[in-house]
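Undergrad: Each protein sequence line maps, in turn, to chains A and B. Residues in the first sequence are numbered from 2 upward in steps of one, following the numbering used here. Residues in the second sequence are numbered from 2 upward in steps of one, following the numbering used here.
Any given hint could turn out to be false.
[What the hints assert, rightly or not] Listed next, the in silico SDA-like pairs over lysine to any residue satisfying Cα-Cα at most 20 Å (straight line):
id: 1; chain 1: A; residue 1: LYS603; chain 2: B; residue 2: ALA93
id: 2; chain 1: B; residue 1: LYS165; chain 2: B; residue 2: PHE11
id: 3; chain 1: A; residue 1: LYS129; chain 2: B; residue 2: GLY120
id: 4; chain 1: A; residue 1: LYS647; chain 2: B; residue 2: LEU59
Since the hints were derived computationally from the structure, they do not count as laboratory data.
Listed below are the residues making up each chain.
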Amino acid sequence: MSRIGVFVCHCGENISRTVDVERVAAEIGKLPGVALATDYKYMCSDPGQGLLKKAVAEHKLDGLVVAACSPRMHEKTFRNAAKAAGLNPFLCEMANIREHCSWVHEDREEATAKAIDIVRLMVERVKKDKALQPITVPITKRALVIGGGIAGIQAALDIADCGHQVLLVEREPSIGGHMAQLSETFPTLDCSQCIMTPKMVDVANHPNIKLYTWSEIEHVDGYIGNFQVTIRKKARSVDMDKCTGCGICMAKCPQKNIKSKFDCGLGTRPAIYVPFPQAVPNTPVIDRENCTYFKSGKCGVCAKVCGPGAVDYDQQDELITEPVGAIVVATGFELYSIAEKPKGSSIKGYGEFGHGTIPDVIDGMTFERLASASGPTGGKILRPSDGREPKQVVFVQCVGSRAREKGISYCSKVCCMYTAKHTMLYKHKVHDGQAYVFFMDARTPGKSYDEFWRRAVEEEEAVYIRGMVSRLYQKGDKIVVMGSDVLVGVQVEIEADLVVLATAVQPRQGADSLAQKLGISYDTYNFYSEAHAKLKPVECATAGIYLAGACQGPKDIPDTVSQASAAAAKVMTLFSRDQLEREPIVARVNERNCVACFSCKKVCPYGAVEEKEIRDRQGNLIRVVAYVNPGVCGGCGTCQATCPSKSVELDGYTDEQVMAMIEAL
Amino acid sequence: MHAEKQKHDFEPKIVAFVCTWCTYAGADLAGTSRMQYPSNVRVLKFPCTGRIDPVFILRAFQRGADGVLVSGCHPGDCHYMAGNLHARRRFAAFRGLLDFVGVDLNRLQFSWVSAAEGGKWVDVVTELTERIRAMGPMEEFKALETEECWSGALATPELQEAYKAI
Chain A
2 MSRIGVFVCH CGENISRTVD VERVAAEIGK LPGVALATDY KYMCSDPGQG LLKKAVAEHK
62 LDGLVVAACS PRMHEKTFRN AAKAAGLNPF LCEMANIREH CSWVHEDREE ATAKAIDIVR
122 LMVERVKKDK ALQPITVPIT KRALVIGGGI AGIQAALDIA DCGHQVLLVE REPSIGGHMA
182 QLSETFPTLD CSQCIMTPKM VDVANHPNIK LYTWSEIEHV DGYIGNFQVT IRKKARSVDM
242 DKCTGCGICM AKCPQKNIKS KFDCGLGTRP AIYVPFPQAV PNTPVIDREN CTYFKSGKCG
302 VCAKVCGPGA VDYDQQDELI TEPVGAIVVA TGFELYSIAE KPKGSSIKGY GEFGHGTIPD
362 VIDGMTFERL ASASGPTGGK ILRPSDGREP KQVVFVQCVG SRAREKGISY CSKVCCMYTA
422 KHTMLYKHKV HDGQAYVFFM DARTPGKSYD EFWRRAVEEE EAVYIRGMVS RLYQKGDKIV
482 VMGSDVLVGV QVEIEADLVV LATAVQPRQG ADSLAQKLGI SYDTYNFYSE AHAKLKPVEC
542 ATAGIYLAGA CQGPKDIPDT VSQASAAAAK VMTLFSRDQL EREPIVARVN ERNCVACFSC
602 KKVCPYGAVE EKEIRDRQGN LIRVVAYVNP GVCGGCGTCQ ATCPSKSVEL DGYTDEQVMA
662 MIEAL
Chain B
2 MHAEKQKHDF EPKIVAFVCT WCTYAGADLA GTSRMQYPSN VRVLKFPCTG RIDPVFILRA
62 FQRGADGVLV SGCHPGDCHY MAGNLHARRR FAAFRGLLDF VGVDLNRLQF SWVSAAEGGK
122 WVDVVTELTE RIRAMGPMEE FKALETEECW SGALATPELQ EAYKAI
């Protein structure tokens, strides 16, 4: 006979408001095998856990059910308390009567009845629980950082400074990300390149950082502490060891008019190129789609002029597999390109804004390149169409963001601040120019942020018009902006020379497919999901994978850097141990029953099932059975549901446990 | 503000077999977002839909479930890479089998609910509850179970009454 203790939590009023907790405890107390059923205001508090520990000793309990919040929230807390009380932690289960009951039902009677049911099922389950011993696995103390923007750079530097090896993988030819594209940064207006490029150089020179640029993640295997990552090193067509970065190939390349992605299409670059002069590494890449040699087999100028003979047209993509213990995902964002109608997306385009058809309607990042001293215009604000200095510039905020009817309901967070910055940069460069801003709200929380915005309005004379733009159209060489001023209640029409749209911040293209490779979850917009919105903002639900920067949600630079350092700290916490305790939720084979059909081997996603030979003392083979390697097993249980002879069981989710719950329905 | 709750003659019992990574988390999200849905569903958590044996569904029907919901991660999003795909294939075959033995397939629902889809969880549970409520109780398997328990048909009214009283 079991001696189970049941603790029903009030969660302040969160549970007791709709669930009669006393009645739940009283009803559950009547069940056979329940030695103690009680309720308490805050089970997770110190006195609450103390109550639990005391009860284990006093009532000689051999199983615990804590009826409280979701196990995703506090299972660990109570299992640790059980462990401290001398009970095997896997004999402690949580019944979720908050998220699955009190918060989703209003009728007290119904909610109480459901809570009793939920707890009853758990009691039956605990009766069948077995003590499990945690599995220890070694940790590979190397980290993988995906994305070489400011988030990835910060995380990589922090981890590397702590003495651990870091692999930094970047999709583009150079690290730097979006921050390298920015002109000046709010709220201090210091030059982005000046604070970014030294960090990029630090990465390149750090003995603990191995840089993979022009590379992508092909495949990820394994689990926390023991990942196997396959990196696709795309063919650069230039030997990185031989290249000295002299740049003569770029100067001599006859193809010169390819639009530069780094300059948002404003500038041009050759077919063999580095994206920007301060690139790290300073090794060019051949853009095979636009290179004359790759298109027609003729040319080969770059190879002829290269002194060290670094140009290698025959280079192939290379697949490299590296073991790592932890992964930081820092893939960043991109601006919602409203010019193109997104394919297969629920997001509707903004045809009425003329982005992509009217050349002088640009997005925020393009304006950054216009304002940047290292940009295509050398820092002069000039119209893309005719190179004239615009005297009236209209900025439109919330293009795409906060527009539920268009498909994106979130706020992109950085646009209010960068638009204020743009008006200032413009005013500093075109003294007789006038900036207008159409805005819905000015959202400027952050240290010195609101003061910055006020400065744009009060000192730099930007005219802020509260309201949205309905339409833009070209009239001669002007763009007519039609909108409304909702504070005054009038229609506004401005003849602008240049229009800058603060388009929404979105996750990178392909963020979802990377998430699928990593096995991490993402939201409806493809932003990666953190394990807990407040208490685990950098961890993924998948152990050993951490998030940094705008891939998790729109963020400015200070927030991104903070999160990157936080992710690095989490990695270092993991690496501070030599062994990792893993949940022993793994499959075990009953060798007596196994008929060696190896159906389990076919379905195992981890390749954890091996063929084990059973031999007698003389070494004669008796038979072959399946064996699950507990270090590799991920604990999904697909093998158990597949096994025709019921010879494999997943610890923690055995048939006996599940059936006990079903029987109690 | 809330509409007067309607009382129904029949409240179905619905059992949901869900995976811990997507649908369980999605149901948690429905809770943290304070969405409201019928209280008929009882959730059983599994690591993965791949762990869910069709026998569990049969047994749940026998033990009084009027409807069963199986829900996991969207294809491609499985925490264990492919468990949900194995589950999909397994349940596609299983549905055919249930149909063959005469179970109305409207009682069995499969769905994908991700950790971000609290609203979808509410919709799925609400729709299924209403559908099953309209269909009425599922008696067939329970009758079989009763016979099994008493090793044969319930011979006398007394025995029947005694069984009901348990």
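Undergrad: Could you work out which earlier hints the structure fails to respect and list their numbers in ascending sequence?
TA: Violated: hint 3 alone.
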